[in-house]
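With the hints as constraints, model all of the structure from the sequences given.
As they're listed, the protein sequences go chains H and Z.
Position one of the first sequence corresponds to residue 1 (this note's numbering), numbered consecutively onward.
Position one of the second sequence corresponds to residue 1001 (this note's numbering), numbered consecutively onward.
Heads up, some of the hints might be wrong.
Straight-line Cα separation of at most 30 Å, DSBU-like style, residue types lysine-lysine; simulated pairs [said to hold, decoys possible]:
1. Z/Lys1106 with H/Lys43
2. H/Lys43 with Z/Lys1046
3. Z/Lys1043 with H/Lys65
4. Z/Lys1046 with H/Lys76
5. H/Lys65 with H/Lys43
6. H/Lys76 with Z/Lys1106
7. Z/Lys1106 with Z/Lys1046
8. H/Lys76 with H/Lys65
9. Z/Lys1106 with Z/Lys1043
10. H/Lys65 with Z/Lys1046
11. H/Lys43 with Z/Lys1043
In case anyone wonders, no lab produced these hints; they're calculated from the structure.
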Amino acid sequence: QVQLVESGGGVVQPGRSLRLSCSASGFTFSSHAMHWVRQAPGKGLEWMGLISYDGSERYYADSVKGRFTMSRDNSKNTLYLQMNSLRAEDTAVYFCAGSAGMQAGCEYWGQGTLVTVSS
Amino acid sequence: QSVLTQPPSVSEAPGQRVTISCSGSSSNIGNNAVNWYQQLPGKAPKLLIYYDDLLPSGVSDRFSGSKSGTSASLAISGLQSEDEADYYCAAWDDSLIGPVFGGGTKLTVL
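Next up, the structure:
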């Protein structure tokens, strides 16, 4: 069955960095665009970024542009999110999600990993 | 504020029908497909409707989607207690070059 498993979350101090991973199985990872979507405690969903199936295109929300970088390794069926210069407002559950096309709905979702930015 | 506007909450009795609205603009809903997600408490979101009105495999046909101009709606008929969840609309935004979400609507089944 389809599985997306995020890892790498935890508590980090403001200004520090963190790298999240998302391991995929049960579907053709290399044919799917991948997204990161976050949800702050008690808040709604916020799209963070998108990477095309082959990694050639990447788009980011303004709130993280220049600080967060998405990458993927299709040989390892893994998606990454490098988060630098973290701020308190980046505290959220981070979900990875997959879609058949960049503008298509996200049909696959991970369970999320919590990132807490606090001193 | 979210780019797409949804009512914060709706409620209805079991067995009844409820609709959730989603308002956007020409750069998103007016020019691109709308997707709807259901998020049960403590769970990851689940794709409920895609390309405005299509149901993914396994989703109950009690759910339906529609779109007109720069607005979209999600309808749920025959409400059940298990439908209590947060519902989000989303659409690609040509100006922001990425998908945008609505603020979410909490459905309470009375």
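Consistency of the hints with the structure:
no. : hint                     : in the structure
1   : Z/Lys1106 with H/Lys43   : holds, 11 Å
2   : H/Lys43 with Z/Lys1046   : holds, 17 Å
3   : Z/Lys1043 with H/Lys65   : holds, 27 Å
4   : Z/Lys1046 with H/Lys76   : holds, 25 Å
5   : H/Lys65 with H/Lys43     : holds, 21 Å
6   : H/Lys76 with Z/Lys1106   : violated, 38 Å
7   : Z/Lys1106 with Z/Lys1046 : holds, 15 Å
8   : H/Lys76 with H/Lys65     : holds, 26 Å
9   : Z/Lys1106 with Z/Lys1043 : holds, 14 Å
10  : H/Lys65 with Z/Lys1046   : holds, 26 Å
11  : H/Lys43 with Z/Lys1043   : holds, 14 Å
In summary, the structure is inconsistent with hint 6 from the numbered list given earlier, while agreeing with all the others.
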